[in-house]
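Student: Residue numbers (the numbering used here), protein chains in the order written: chain A, -15 to 358; chain B, -15 to 358.
Worth double-checking, as some hints may not be accurate.
Listed below are the simulated SDA-like cross-link pairs for lysine to any residue, each with C-alpha atoms no more than 20 Å apart in a straight line [what the hints assert, rightly or not]:
| hint | chain 1 | residue 1 | chain 2 | residue 2 |
| --- | --- | --- | --- | --- |
| 1 | A | K303 | B | A56 |
| 2 | A | K84 | A | G34 |
| 3 | B | K84 | B | H98 |
| 4 | B | K270 | B | D286 |
| 5 | B | K303 | A | A56 |
| 6 | A | K270 | B | G50 |
| 7 | A | K270 | B | R48 |
| 8 | B | K84 | B | R105 |
| 9 | B | K84 | B | A55 |
| 10 | B | K270 | A | K270 |
| 11 | A | K303 | A | A349 |
| 12 | B | K84 | A | D100 |
| 13 | A | K303 | B | R279 |
| 14 | A | K270 | A | D286 |
| 15 | B | K303 | A | E52 |
| 16 | B | K303 | B | T284 |
| 17 | B | K303 | A | G50 |
| 18 | B | K270 | A | R291 |
| 19 | B | K84 | A | R53 |
| 20 | B | K84 | A | R105 |
| 21 | A | K303 | B | N41 |
| 22 | A | K303 | B | M307 |
| 23 | B | K270 | B | D292 |
| 24 | A | K303 | B | D292 |
| 25 | B | K303 | A | N41 |
| 26 | B | K270 | A | L82 |
| 27 | B | K303 | A | K270 |
| 28 | A | K303 | B | V16 |
| 29 | B | K303 | A | L85 |
| 30 | A | K303 | B | V179 |
| 31 | B | K303 | B | R345 |
| 32 | B | K303 | B | D276 |
| 33 | B | K84 | B | A159 |
| 34 | A | K303 | B | D276 |
| 35 | B | K303 | A | K303 |
| 36 | B | K303 | A | R48 |
| 37 | B | K84 | B | S102 |
| 38 | A | K303 | B | G101 |
Keep in mind that the hints were calculated from the coordinates and are not lab data.
2 protein chains.
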Amino acid sequence: MSFHITATDGAARTGDIGLARGVVRTPAFMPVGTAGAVKAMRPDEVHALGADIVLANTYHLMLRPGAERVAALGGLHTFANWPWPILTDSGGYQVMSLAKLRRIDADGVTFQSHIDGSTHRLTPERALEIQALLGSDIRMQLDECLALPAPADEVERAMRLSLAWAERSRRAFDAGAGAALFGIVQGGDNAPLRVQSSTALSQIGFDGYAVGGLAVGEPQATMLAMIEASVPPLPAAAPRYLMGVGTPDDIVAAVARGIDMFDCVLPTRAGRHGVAYTRFGTINLKNARHADDPRPLDETSDCPATRDYARAYLHHLVKAGEMLAAMLLTENNLAYYHGLMAGIRAAIAARRYEDFAASVREGWARGDEAPQSV
Amino acid sequence: MSFHITATDGAARTGDIGLARGVVRTPAFMPVGTAGAVKAMRPDEVHALGADIVLANTYHLMLRPGAERVAALGGLHTFANWPWPILTDSGGYQVMSLAKLRRIDADGVTFQSHIDGSTHRLTPERALEIQALLGSDIRMQLDECLALPAPADEVERAMRLSLAWAERSRRAFDAGAGAALFGIVQGGDNAPLRVQSSTALSQIGFDGYAVGGLAVGEPQATMLAMIEASVPPLPAAAPRYLMGVGTPDDIVAAVARGIDMFDCVLPTRAGRHGVAYTRFGTINLKNARHADDPRPLDETSDCPATRDYARAYLHHLVKAGEMLAAMLLTENNLAYYHGLMAGIRAAIAARRYEDFAASVREGWARGDEAPQSV
C-alpha cells in the first residue's frame, strides 16, 4: 500500500492510497456492503457513483456465507463482483452490537450468531485469518469498541486490551499478498487515553490508523475533541480512518482535523427509510407535503435519481412500498456523499477548505423549503 | 396508432405498432409496472433490456396516487420517468381480484379500496376517463373477467356484459390525443362464446383486440383452444393482445396462434422470489445446491445480471434478504423474456418459427443440471 499526500490545507489533506486493485482518492467515503452487497445498489453502480472502495463486514460474512466458502469461490472481490478495493472490519464491532451471549476474555471473544444461535470465536489472529480468506485489500485489527458513555475504568481496560490485540495482529499479519493492516485507536471520550493509544499504535507501526469507538452515542463536540486528541500522535504519512462516521457535517468537520477515510451506513440506510441527502439538507420523502411536488430533489445534479424523478413520484414510491424508492434514494444519497467528497478533495487541493466548509454548511442550514436555484 | 405486419409464418406474425411515443416491435412482451414502477428496476433499465412498452394498472394508480394527481403532475409518462409507450388496463381485473366488497351491476362496478377501504366506482366511461388522465398510449375497455372454471351461464352473462361495455367504451373514447383503444374478448372456456365475442367486437371496431379471461386457473390446453377460437374472427390487420400471459412456453405457443402482445408479472414476481428464467428452464436460487456454485446463470448472455454473478452469490443474496437479489434476478428475467421475444421476431421474419419453438423447448426440457455450453 502506498499513500501520497498531494495537498494539505491546515490539518486537512488530500491524496491517493495505492492498492493492488485500484487507487482510493482521499478524503474517501466507503459505502457499507454489510453482507457483501451495498444495499439496493448494483456494484458497478456504486463504483460509477464515485466509490473507490467499499467496506464489508467480517462478522456478517463469517456467519453467512462463511469465510472459507468465500475463499473457495475465489475471494470476496470475485464473489461480490466488485473488482475494486475492499476494506474489511475485524468483526469486533458487530459482535458487540448484534451477537447474542458474547463473552470477552483476554484472548478474544466468544459469541452466538444472531442468525442461527451457533457459537463462534474471534481472536486477533482468527479475525485476520478470516479477512485473508475474504481477500480484502485493507484489514483491521480486532478491537473492543464500547458504547459511550462508559465508566472510566472500562474505557481504559478496553483501550489496553485493544492495544494488546493490536500487537498480536501486527505479528499475525501476513502482508505477502499486498494487503494493508490498520490499527485502531481506542480510549472512549478520554483524551489522555486517546493520546496513549495513538502513541502506542504508532510505535507498533501500521499501514494506516483508524480512530475507533466514536459515533457510538456521544455528542459531535466530544467526537471532534477525541479526533483532535487521537490524530497528532499518529504518523502524518499514514492514512487516518474515522470508523462509522457519519453525517455530511461530521465528515466536513473531521476532514478539517486530518481524517482521510470514512465509512457509514447513513446514506444507504436513510435511502431505505425515505430520506434523501441534498445540498439543502435532508428531505423526508414520507412527508405528505411532497405528494404534489413536481420538482426533482436537485435539478442541478448530474445524478439521474436526483435530477430526473419528481418528489411526488419518490413520495408515491415510498408510500407504495416500492423497492425503486430505496434504489433511487440510495443512489441519490451515495451520489451526494461522493460529490461532497469530491468537493472536499478539490477544496483542499485549492487550499480553500474553510470557505468550502462554510459554503456547504450554509446550504444545509438553508433547508429544503427555499427555492433551489443558487 | 399504426400496425404494420412485416412477416408471417403460419399464424404467427411480426411487425411494428407505431405510437406517438415510440414503436412497439411485435410479438412484444410488456413488463408490468403495477403502481407506476416495474418492481426492483429503474425505468431506463427496463427500456434498455428491450421493453418498448410497459403496462400500468389503472386500479392501483386510481387509488394511489390518484389519476387526477397524476394528470396534474403531467401524466404517467412524466410522473414515472418513462417517456416510451404505456398500456393501461381498465382496472376491472384488479377490482375482481383485489378489491373488497365489490358489487357489479349493468352500469359498472362499485368496490372498496384494498388499501384504505374507501369506496370507488368504475364504469366503462370512468375507466377511460382515468386512463386519459394517466395519459396512456393504449387503453383498455372495462370488462368483467371471471376465474375459471365458472358456470356456463355466468360465463355467458359476463361475456355479454363485457360486450355492452365495449360498445359504451367505443362511444366514450376520445382518440383526439393519439391514443388507441383495445376491446377485450371474453367467453371463458366456451369456444362458441369466444367466437361470438370476437365477432361482435370486430363489428364495433377497435384499434386492437385483447383476448381476456385466460390464465385464470385453466390448463394450458384450454387457454390455447380459447385463443384458437378467439383469434380467427378478429381483423388480421389489428394487433392481438393476450392479457396476463404468461410463461415462456405459453408465449411461444400463443405466438404460433397469432398473438402479438403479452403482459405478465411472472418475470418480475419470480425475480423477487429467488427464481431465474434461463435457456435451460427456471432455477430456484433459494435451493442450497447453489451455495458453492461459481457458475453464472448463463455465461453466454449479454446481460450483466445473467453473466457476471455467481449462482453462489445470488443464493447468498436471496438467503440474506438483500434487495440486490430481487434487482439482479428481475434484470435476468426481463432480459430472458425480451431476448426470447427478439428470437421469436427474428424466427418469424426468417419463416422458421416452428424450428425456433422446437429449439427453445428443447433447452427448457434439458434443464439446469446439464453443462451449459451448447
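Student: Now tell me if each hint is right for this structure.
Tutor: Tested hints:
no.	hint	result
1	A/K303 with B/A56	holds (19 Å)
2	A/K84 with A/G34	violated (36 Å)
3	B/K84 with B/H98	holds (6 Å)
4	B/K270 with B/D286	violated (24 Å)
5	B/K303 with A/A56	holds (19 Å)
6	A/K270 with B/G50	holds (17 Å)
7	A/K270 with B/R48	holds (14 Å)
8	B/K84 with B/R105	holds (12 Å)
9	B/K84 with B/A55	violated (26 Å)
10	B/K270 with A/K270	violated (32 Å)
11	A/K303 with A/A349	violated (27 Å)
12	B/K84 with A/D100	violated (40 Å)
13	A/K303 with B/R279	violated (38 Å)
14	A/K270 with A/D286	violated (24 Å)
15	B/K303 with A/E52	holds (18 Å)
16	B/K303 with B/T284	violated (26 Å)
17	B/K303 with A/G50	holds (13 Å)
18	B/K270 with A/R291	violated (37 Å)
19	B/K84 with A/R53	violated (49 Å)
20	B/K84 with A/R105	violated (53 Å)
21	A/K303 with B/N41	holds (17 Å)
22	A/K303 with B/M307	holds (18 Å)
23	B/K270 with B/D292	holds (19 Å)
24	A/K303 with B/D292	violated (33 Å)
25	B/K303 with A/N41	holds (17 Å)
26	B/K270 with A/L82	violated (25 Å)
27	B/K303 with A/K270	violated (29 Å)
28	A/K303 with B/V16	holds (19 Å)
29	B/K303 with A/L85	violated (24 Å)
30	A/K303 with B/V179	violated (44 Å)
31	B/K303 with B/R345	violated (30 Å)
32	B/K303 with B/D276	holds (13 Å)
33	B/K84 with B/A159	violated (33 Å)
34	A/K303 with B/D276	violated (38 Å)
35	B/K303 with A/K303	violated (26 Å)
36	B/K303 with A/R48	holds (9 Å)
37	B/K84 with B/S102	holds (10 Å)
38	A/K303 with B/G101	holds (16 Å)
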